[in-house]
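Undergrad: Following the numbering used here, the numbering of the sequence shown begins with -19 at its first residue and continues without gaps.
Don't take each hint at face value.
[What the hints assert, rightly or not] Taking CB as the label site, the calculated pair distances span:
no., residue 1, residue 2, range
1, Thr100, Gly35, 34 to 40 Å
2, Phe108, Asp84, 32 to 38 Å
3, Gly48, Asp105, 37 to 43 Å
Derived from the structure by calculation, the hints contain no laboratory data.
Everything numeric in this text was worked out from a predicted model, so none of it was measured.
No residue lacks a Cβ here, since even glycine has one placed at the ideal position from N, Cα and C.
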Amino acid sequence: MACTLLTAPPASAQPEPSQTEAPPAAAEQVLHNIVYRARVDGVSRGATITYRTEGDQFHTANPTMVPGRVFEANAVLPASQTANIRVSIEWPYSANLHCEILVDDAVVAQADDFVGPRLTPQRDDPDFGALTCQAPVGGLDAAIPAAPAPPAEPAAPAPSSEVAPAPA
């Protein structure tokens, strides 16, 4: 008859992974639907459109822009972010540039600019031929303080209630 010694394995001081507490849930961030729109009206080539998407990522598009065509892109950003879009054209072309940002179907930023023709490239101005729109996603209330109310007009003096003495 064989004898077998049964012993329990040593206990670990660390709890098993299945027994650990779940990490606290990250604070829920309110997400907003962002619509970027850009338009290039004029004869130009090399249009580049850069816009912010999820997180701190930027996407770049090189669409063929003909007068009247609208570039549109969608993104979802938390209220703590800033939505921005940059529209640019190559030198030596000229055109009217337009950009706008919609947050939850409301226009929150819009800009227009004319890029005039140049004989030489503007090396000292890296933003020549470009237009940028940006707006806080969480709303303009946090970014632009409300204008103070205008002072109230002074009220007209009330008529005197004293009765004049009768002539004698």
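Undergrad: Output the numbers, in ascending order, of every earlier hint that fails for this structure.
TA: 3
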